[in-house]
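S.K.: Sequence order for the protein chains is R and L.
The first sequence begins at 1 in the numbering used here and counts up one residue at a time.
The second sequence begins at 1001 in the numbering used here and counts up one residue at a time.
Don't read these hints as lab results, they were simulated from the structure.
Be aware that a few hints might be false.
Partner residues aside, some chain R positions facing chain L, computed with beta carbon under 7 Å [stated by the list, open to error]:
| no. | residue |
| --- | --- |
| 1 | D38 |
| 2 | V58 |
| 3 | S142 |
| 4 | A154 |
| 5 | Q220 |
| 6 | T224 |
| 7 | V299 |
| 8 | L300 |
| 9 | M321 |
| 10 | V322 |
| 11 | I324 |
| 12 | G328 |
The structure displayed is predicted, hence computed values, not measured ones.
Beta carbons are placed, not taken as given, at the ideal position from N, Cα and C, and that holds for glycine.
Letter by letter, the chains look like this.
2 protein chains.
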Amino acid sequence: MARVRREAKSAFTEDEIVGVMRTILGGPAPGVVLGPGDDAALVDLGRHTGVLTADMLVEGVHFDRDAMAPRDLGFKAISVNVSDVAAMGGSPRFAVVSLALTADVDAGWVVELYGGLREAAAEYGMSVVGGDTSRAPVVVLSVAVTGEVAVGGAVTRAGARPGDRLAVTGTLGGSAAGLRLLRVDPRRIRGAAAAERARALIASHVRPLARVGEGQTLAQAGATAMIDVSDGLTLDLARLCRASAAAAAVRLASVPVTPGLDELRGLLGADPLELALGGGEDYELLVALPGDAFEPARVLLAERFGTPLTDIGELRAGEGMVAIEPDGAERPLATTGWDHFASSP
Amino acid sequence: MARVRREAKSAFTEDEIVGVMRTILGGPAPGVVLGPGDDAALVDLGRHTGVLTADMLVEGVHFDRDAMAPRDLGFKAISVNVSDVAAMGGSPRFAVVSLALTADVDAGWVVELYGGLREAAAEYGMSVVGGDTSRAPVVVLSVAVTGEVAVGGAVTRAGARPGDRLAVTGTLGGSAAGLRLLRVDPRRIRGAAAAERARALIASHVRPLARVGEGQTLAQAGATAMIDVSDGLTLDLARLCRASAAAAAVRLASVPVTPGLDELRGLLGADPLELALGGGEDYELLVALPGDAFEPARVLLAERFGTPLTDIGELRAGEGMVAIEPDGAERPLATTGWDHFASSP
């Protein structure tokens, strides 16, 4: 047990870290009755259905401290949770954050991390209301988010029906490409255009934006099932199919691959479509919609958010997934997403 | 980045772990609209004030896997969070659990852990509704709990007034003693009576019970401030004093030391009163009450729960803490609780 008596002095105490958290994250906010600093936070939750989710980011598994600024890490930790709320058609309201720190983390790093949490909370109109701090051999950032959705208005993974269109917001593969580019020697990225493309891809990896407004709009537009693309299109589609007891057919030529991947193919060392199908962490929404609901939903997303919604295929009776080739031929579509519990490389 | 493709086979996949979680933790429960397995859980939160809290248990910091059964670890992870809700006078309703596992953890361990979570949830009349799983170099168990309290009925750390009595539920020092006994060679514990005492102390460390009913009763009985004793009486009292802008005087002879500590003093290698003042993890409630509210509160706790409530001193104007010796002399009382951010031993 590494717990130590308080008498031994160090760079900062647990109460000092809590103080930093209160300074950066505290203050009045809508619905917050009592923010960080007491045993628990108090919030006014209204009369909606509550949406609860949690996601943990572990150093060396989900991020490398060398490659990721603490401000981005804080922002991303909120985004990945908010994305789960968005995938239910809900609105995020409150977050609690548990943070485990290694001995070599300095106070400035922690301040930047909380700054990123605050920035993300502002982006999504929510509040970080509390949490916990601890020591650990690696940095761990564990966030839980409470949100809300109109009673009966939530969209689960389970409601897709054969004949529904299958659609995805935004573009896919950018985050996986950004992760690869973080590991590339910057001197290998030649020219202003390539550098600009690389910056955009890296940004989509380190600072993803959850599709909250889009999720609500898709729910209102009649979405029958929805999931966020966190582990890769094929793996998350397989989950949606299993929950809905349906099969899916994906037109590969329609999958919206993030722009710039083809131009950087040499640096990426991967096929752009493969990154789009299996890369994960794009935090786009994969949605099933009745045929007549797709076009109105597409128009709404374009008008309200400037976000594309692309028809990539359909739900079918049965189980499993097939890819439809440009010539109309069909072949089984394998899941190629990330799974933390597959064996180590 | 240790993330690996799903194609590589291993003992279990992330989806299989989620399946185990759904089997053990799923099923209908009051207020649960949708339990584990989707992007987020859906809960009916009613019209109370929400209480949110989070606590993270890290292997090597908060527990040793060799010394702690996974069932106890799961139970304790819920209890330490529920204790924070209890310290506000609230009722726990829902939990989300993020779990990071090392490669050497087998499926049986995970099943036992979820069993402990479920057992604790049943104990407190709440539900575990979701969470996240990941890899990490050490096991990390991060829990967030959403509870509720009547609007205006919460008791914070900040309301204590000079002249209030200072009281504590149950007894203190047992958990710290249990932690020390976990490290003692069992052959050194001689005789049935000593073995029985040691077992009880170890149980209070590995399987603490949060004082939910007691917290609600104390809130109704007029508590002005309340905190759970998680980091040690003196450290948590210092927090209550700081939040309330008050000082405190503690009669050392009145502090309720857990029975059996004196008899095992040789094995513990520590003064029982020191363990009671600074040991931490007892999850008792430290409460400030107006003078005329103490005796009715004491009687209610005894009648309803069989839980003792002991008057250990008083709140005063000013700041800081003093110990009152049996002869009436006063001396400064130092904080001796645990702080994860003090420097390593």
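S.K.: Need the list of violated hint numbers for this structure, in ascending order.
M.R.: Checked against the structure, the hints that fail are numbers 5, 6, 7, 8, 9, 10, 11 and 12, while the rest are satisfied.
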